[in-house]
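*Asks:* Sequence:
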Amino acid sequence: MELKHLEALIAVSQEGSFTAAADRLSTVQSNISEQIRQLEAELGTELIVRSRQGASLTEAGRAVLARASRIKHEASEIASDVADVFGLKIGNASFGVVGTASKWLVPDLVSAMQRSAPDVMLRINEGASERLVAEVLDLQLAQAVVTAPVANKKLIEEHLLDERLVGLVPQGSRLLGRGAIKLEEIAKERLVMPPSNNPLRLEVELAAEAINIELNVPIEVEGVRLIGDLVAANAGISILPETSFDFETPGLRTLPIEGLPLRRLVLVTLRDTQLSAADLAVREHILEIVSLRANAGKK
Numbered sequence: 001m002e003l004k005h006l007e008a009l010i011a012v013s014q015e016g017s018f019t020a021a022a023d024r025l026s027t028v029q030s031n032i033s034e035q036i037r038q039l040e041a042e043l044g045t046e047l048i049v050r051s052r053q054g055a056s057l058t059e060a061g062r063a064v065l066a067r068a069s070r071i072k073h074e075a076s077e078i079a080s081d082v083a084d085v086f087g088l089k090i091g092n093a094s095f096g097v098v099g100t101a102s103k104w105l106v107p108d109l110v111s112a113m114q115r116s117a118p119d120v121m122l123r124i125n126e127g128a129s130e131r132l133v134a135e136v137l138d139l140q141l142a143q144a145v146v147t148a149p150v151a152n153k154k155l156i157e158e159h160l161l162d163e164r165l166v167g168l169v170p171q172g173s174r175l176l177g178r179g180a181i182k183l184e185e186i187a188k189e190r191l192v193m194p195p196s197n198n199p200l201r202l203e204v205e206l207a208a209e210a211i212n213i214e215l216n217v218p219i220e221v222e223g224v225r226l227i228g229d230l231v232a233a234n235a236g237i238s239i240l241p242e243t244s245f246d247f248e249t250p251g252l253r254t255l256p257i258e259g260l261p262l263r264r265l266v267l268v269t270l271r272d273t274q275l276s277a278a279d280l281a282v283r284e285h286i287l288e289i290v291s292l293r294a295n296a297g298k299k
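Following the numbering used here, the numbering of the sequence shown begins with 1 at its first residue and continues without gaps.
It should be emphasised that the hints constitute simulated quantities derived from the structure, not laboratory data.
Everything numeric in this text was worked out from a predicted model, so none of it was measured.
All C-beta atoms, glycine included, are put in the ideal place defined by N, C-alpha and C.
Hints should not be assumed to be uniformly reliable.
To be verified - Below, computed lysine-lysine pairings styled on DSS-like, alpha-carbon distance capped at 30 Å:
#1 K182 x K103
#2 K4 x K154
#3 K103 x K188
As the list claims (entries may be wrong) - Now the in silico label distances, taken between C-beta atoms and shown as ranges:
#4 T58 x D23: 20 to 26 Å
#5 G44 x L287: 43 to 49 Å
#6 T58 x P261: 30 to 36 Å
Required output: the full structure, derived from the provided sequences and hints.
*Replies:* This is the structure in structure tokens:
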């Protein structure tokens with residue numbers, strides 16, 4: 001069994017066809033077919049079924065895929081680990097971050113990596129917690145900053161910080177200047193919020209249900225930046241983590257809300273998987289940035 005056999009299986013499972021898998025691996029379809037045939041012969045079982053709809057894994061194929069993905073991931077990190085022995089930081093690093101934290105985390109992280117490990121190729125995915133967790137489990141990402149709870153025994157959760165949820169309003173809003181506002185008051189306003197399946201939206205809705213009120217959400221938007229643009233344009237107000245926007249953001253102001261729980265950010269990694277030297281450098285900088293932010297009181 002060779003690494004190329006496992007790479008062929010992974011490519012077919014992700015692309016859904018032998019032809020697309022061949023294109024992805026810059027080879028011809030016959031080579032992919034032969035590599036799968038050899039792997040099936042060695043294991044003594046069928047791994048892939050072809051049909052008019054494409055290629056799909058058998059139950060045995062899915063079992064092999066889980067191990068193959070881990071082996072490929074570990075193999076790809078060997079060069080980085082060897083370089084680390086000599087005090088070098090090279091290779092590839094990947095991490096994910098929820099959109100509400102990307103504004104304050106990503107720029108500082110990229111700057112820190114450029115100073116300490118300029119030869120590392122860094123890949124960053126921004127998205128919802130659920131998708132980022134799935135990508136860590138699938139070894140597409142080495143680690144991710146997401147919202148708790150994650151509740152998956154395959155993952156390690158490391159607490160980063162707790163942040164307040166605040167009202168985001170346009171400059172000059174009649175709600176400003178009154179101090180903290182109650183959740184039942186802000187719930188009556190036109191809210192611009194993430195979609196109903198978004199973890200942040202769910203947190204706010206649970207808090208509202210606990211006091212028997214409903215949110216007025218005529219506008220649903222995927223993306224923190226667009227929410228901010230709409231609020232600044234007086235399309236409505238929003239409820240977001242305090243760290244999502246700087247206080248000096250033009251056209252926007254924040255106000256405290258009573259009755260909302262703190263939102264916890266955690267760093268998740270796959271249990272029983274060793275981070276490469278490049279990914280460890282990313283992790284160290286994430287912890288440094290979060291620590292500085294917490295110590296400065298910018299929660």
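*Asks:* Determine for every hint whether it applies to the structure shown.
*Replies:* Each hint tested on the structure:
1. Of the supplied pair hints, the one linking K182 and K103 holds, its CA atoms being roughly 27 Å apart against a limit of 30 Å.
2. A distance of roughly 27 Å separates the Cα atoms of K4 and K154; the hinted pair therefore holds under the 30 Å criterion.
3. At roughly 29 Å between alpha-carbon atoms, K103 and K188 fall within 30 Å of each other, so this suggested pair holds.
4. For the hinted restraint 20 to 26 Å between T58 and D23, the CB-CB distance of approximately 23 Å keeps it satisfied.
5. At about 47 Å, the CB distance of G44 to L287 agrees with the hint of 43 to 49 Å.
6. For the hinted restraint 30 to 36 Å between T58 and P261, the CB-CB distance of approximately 45 Å leaves it violated.
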